[in-house]
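K.L.:
The chain contents come next:
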Amino acid sequence: MPVFKFTLNGAPVSVDTEGDRPLIDVLREEFGLTGTKFGCGEGQCRACTVMLDGRPSFSCVNTIRMVAGRSVVTIESLSKDGKLTPVQQAFLDEAAIQCGYCTPGMIMAATALLDRDPNPTEATITTSMNMHICRCTGYPRIVEAVKTAARLKAMAESREVNHVAAE
Amino acid sequence: MLPQNRAAAMADPERYELREAPVRFSGVDRRGFIQLTASGLLIAVFATESDAQWGRAVSSLDARLIIGKDGRITILNGKVEEGQGARTQLGMVAAEELKVPVSQIDVVMADTDRTPDDGLTAGSRTTPSTVPAVRQAAAAAREILVAAAAAKFQVDKSAITIKDGAAQSGSRRFTYADLASSDGFTESMKRAPSGATLTAPAEWTVLGKPQTRLNGSDIVTGKYQFPSDIKRPGMIYGCVLRPPSYGATLQSIDLESAKTIPGATAIRDGEFVAAIAPNAHAARKAVRAMSDSAKWQEKPHPSSTVLFDHLKKTAKGAGRGNTSGEPDKILATASVKLQAEYNVAYVQHAPMEPRSAVAEWTAGKLTVWTGTSNPFAVRAALAQAFGIQPAALRVIVPDFGGGFGGKHTGEAAIEAARIARDVKRPVWLRWSRQEEFTWAYSRPAAVITCEAALDGNKLAAWKMTNINSGTAALDTPYDAANRDTRFIEADSPLRQGSYRCLASAANNFARESFIDELAAKAGLDPLEFRLANLTNPRLRAVLIAAAERFNFKARWRKKQAGRGVGLACGTDKGSVVAACVEVELGGAGQPPRLVEIVQAFECGPIMNPVGLRSQMEGCILMGLGAATREEMVFENGRVTSNMFSRYRVPRFADVPPKMDLIFLDRKDTEPAGAGETPIIAVAPAMANAHFHGSGHRLRSMPLKG
Chain B
1 MPVFKFTLNG APVSVDTEGD RPLIDVLREE FGLTGTKFGC GEGQCRACTV
51 MLDGRPSFSC VNTIRMVAGR SVVTIESLSK DGKLTPVQQA FLDEAAIQCG
101 YCTPGMIMAA TALLDRDPNP TEATITTSMN MHICRCTGYP RIVEAVKTAA
151 RLKAMAESRE VNHVAAE
Chain D
1 MLPQNRAAAM ADPERYELRE APVRFSGVDR RGFIQLTASG LLIAVFATES
51 DAQWGRAVSS LDARLIIGKD GRITILNGKV EEGQGARTQL GMVAAEELKV
101 PVSQIDVVMA DTDRTPDDGL TAGSRTTPST VPAVRQAAAA AREILVAAAA
151 AKFQVDKSAI TIKDGAAQSG SRRFTYADLA SSDGFTESMK RAPSGATLTA
201 PAEWTVLGKP QTRLNGSDIV TGKYQFPSDI KRPGMIYGCV LRPPSYGATL
251 QSIDLESAKT IPGATAIRDG EFVAAIAPNA HAARKAVRAM SDSAKWQEKP
301 HPSSTVLFDH LKKTAKGAGR GNTSGEPDKI LATASVKLQA EYNVAYVQHA
351 PMEPRSAVAE WTAGKLTVWT GTSNPFAVRA ALAQAFGIQP AALRVIVPDF
401 GGGFGGKHTG EAAIEAARIA RDVKRPVWLR WSRQEEFTWA YSRPAAVITC
451 EAALDGNKLA AWKMTNINSG TAALDTPYDA ANRDTRFIEA DSPLRQGSYR
501 CLASAANNFA RESFIDELAA KAGLDPLEFR LANLTNPRLR AVLIAAAERF
551 NFKARWRKKQ AGRGVGLACG TDKGSVVAAC VEVELGGAGQ PPRLVEIVQA
601 FECGPIMNPV GLRSQMEGCI LMGLGAATRE EMVFENGRVT SNMFSRYRVP
651 RFADVPPKMD LIFLDRKDTE PAGAGETPII AVAPAMANAH FHGSGHRLRS
701 MPLKG
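Chains as they are written, first to last, in the working numbering: chain B, 1 to 167; chain D, 1 to 705.
Worth flagging that the hints you see were computed from the coordinates, not collected in a lab.
Take the hints with a grain of salt, since some may be wrong.
[Stated by the list, open to error] Chain D regions said to be covered by chain B (calculated; three or more residues, Cβ under 8 Å):
1. 215-226
2. 274-286
[Stated by the list, open to error] Sample of chain B residues with no beta-carbon within 12 Å of chain D, all distances over it, derived:
3. Thr-7
4. Pro-22
5. Gly-39
6. Arg-55
7. Gln-88
8. Asp-115
9. His-163
Given the structure is predicted, the values throughout are model-derived calculations rather than measurements.
All C-beta atoms in this analysis are idealised placements derived from N, C-alpha and C, irrespective of residue type, glycine included.
Make the full structure from the sequences, and use the hints.
P.N.:
Shown next as structure tokens:
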């Protein structure tokens, strides 16, 4: 079987497997990264969202062959040293979790959205996350969480700037 | 456990459980096994386990609650967490009675080796049955703490106060950790987990305050292992071959074709055929390879285009009724009367996590991790399927990715265990989305007829008959001395079973639409007509609260082009709900669009406002899906609405711009569940709003203008 090399959560990895195997299966079965969830297998629910070269992408339709040489980031690598990111913290605080199965995909999408647009309107949040299904359905709480995350992120960044300035 | 629960279940079993003719979905073939997979769970629940649907009593406190030497307290309960918030609620309840912070509590759920059998997680029963059991256990443990502290300090129990998780007398403190290390502790925990004094709602300090999900950190970091995330040493991956259509039987198949996929093999047990491979993708490909070689005998199957005629044609007799007075006599002679028929399509639960299981046999003992709302019944089903004792079986239910009444069964558990028995390794199995849509059971479709006579603005006679979908909330909450409500079984083309509120949504859609039609007939506004025929004070309270906040009377009198307003109310499972909505009319064949909803709800004293809000929003939006676009479509035994691209569930963009929720907090009443009833008002309110805006009555769900 062919060997595919790619960058996973910042580290170079390789996997010896069939090229048509979905990325999500490789992440979950070969690397034990089960935070990425399977919902539909057809790119319609986005539960399986990961970052591919810095952009949110579904991992169910993408095969491992398509990922070779590229960079993949999964939910497991967001929080560092046990500290939640603003988006993760906001999902907790705003009770944007019901069953929690869509949550990792939502958090990946929200993280990417805030990187592009630090202060999105409700309409922007709705549009950019509309392909994500929360069947429970916690959409109103998730929208609140993204708005809260934007505030938390701005606060954290201004603290960082102050910290750097103080140094 | 609680006699009234048992009585409720016995009186109305169909309301909660899968009820199906033995359809031949591709389970397994041996006679005992197929009965089990297709209808065996029904037998398991209602014959051998009939007393257990709502659980078994716990006689000793330590079966319900463990106090560790570190002072941490573990609550054991057999309920499951599927997003409805039971874990958090039960943790809060325990913290309240123990007088400790919620963070000191661990909640262990649904593990047949560790937790009590608290029955099926359904029917909004956690709040009225398991919550009291946990409250009692926690209060009993607190009483033990107080007694031990009083003995140690040589003071009267009345001199002990509990603060900051410790029994205190003056400056002396005695904690749960101290208790766990004290003499006689183990024996003291053998007392019955009942008879303790509970904290009154007015005294609550933990309950009634917002509490977010207890294991939420592990969810947002992706660490939490859902059933489909379980991995065991030496585990391999299974995939089951499904028939091409309902009722198809396997004539021949080439199992060797599975081996064209590297590492894959196949097993066959009569009609049960599965592939096993080192990874899930290979297992799926092996099933496809075998599928190409399979020959099936298909049989005719009614299509969704003729569904409602089929249900009417196959309706079995007069059904079971609930009659009082002389409705027929009054209807025969009444001068003002009305009749209408309503239809409700099948819908799917479509939880985000498909059915899945990991099964592992070790030395004759079977352990299964699976997402089911019915852990002990699944254990019974597995025991029956494999001819082993329940004691040799363990079913573990990690918090799972949604159920909504759709996971009362254990199909994936049985399938994974069947494969694992042959291959002698742990087996992982997860249904595909297409399998979920096709072979999971649906919410029953319904044909509902309503007939009523009016005497002025009062209901003189009321008749309502539900074909196929069930009795939940079939009895009218309106005052009608002369009434007949009736449920008639029919042949269901699809597997059908429970759902969030099950038949209540259909029955309330029909009743609240028909009440609206009667209001128009009587020449009254829909609110006035309801209030004239409704004495239930709780239902009146939510109806009035929603109508006032929405300014319903004024907005109903004023017509707006392309828009309409409507309302609906209802009651089920001990709670009451009312909604006022504004809709934008859709084009021809299109559903109306919900632009505003004011919904009022009351379920007794509010235990967790955060959880309650989530349930209410979730119900409204899930109800919106079934009201507007969700519909199972099938033709010649093939479900064609078998993917999210063909079965349209609500999306972010469908959330109405204005959602105003009113929660009435009734500390003077017993708490009722909140995860279901808020779903029943949105569809009829929208149909009524569509009529208000267009003059055209929509009598079929999903609504199509």
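K.L.:
It remains to establish, for every hint, whether it holds in the given structure.
P.N.:
Hint check:
For the segment 215-226 of chain D, the proposed coverage by chain B is satisfied: 10 residues have a C-beta within less than 8 Å of a C-beta in that chain, meeting the threshold of three. Only residues whose C-beta sits within less than 8 Å of a C-beta in chain B count toward coverage, and the segment 274-286 of chain D has 4 of them, enough to reach three; the restraint holds. Every CB of chain D is more than 12 Å from the CB of Thr-7 (chain B) (nearest about 18 Å), matching its label as outside the interface. With a minimum CB-CB distance of about 6 Å to chain D, Pro-22 (chain B) fails to clear the 12 Å threshold, and the non-interface call is violated.
A cut-off of 12 Å between C-beta atoms contradicts the statement that Gly-39 (chain B) is not in contact with chain D; the least separation is 5 Å. Non-interface call for Arg-55 (chain B) relative to chain D: holds, since the shortest CB-CB distance, roughly 19 Å, exceeds 12 Å. With a least beta-carbon separation of about 4 Å from chain D, Gln-88 (chain B) fails to lie farther than 12 Å from that chain, contradicting its non-interface assignment. With a cut of 12 Å on Cβ distances, Asp-115 (chain B) stays outside the contact zone with chain D, its closest approach being about 17 Å.
Under the 12 Å C-beta cut-off, the non-interface status given to His-163 (chain B) relative to chain D holds; the minimum distance is some 25 Å.
Violation of the numbered hints given earlier is confined to hints 4, 5, 7; the remaining hints are satisfied by the structure.
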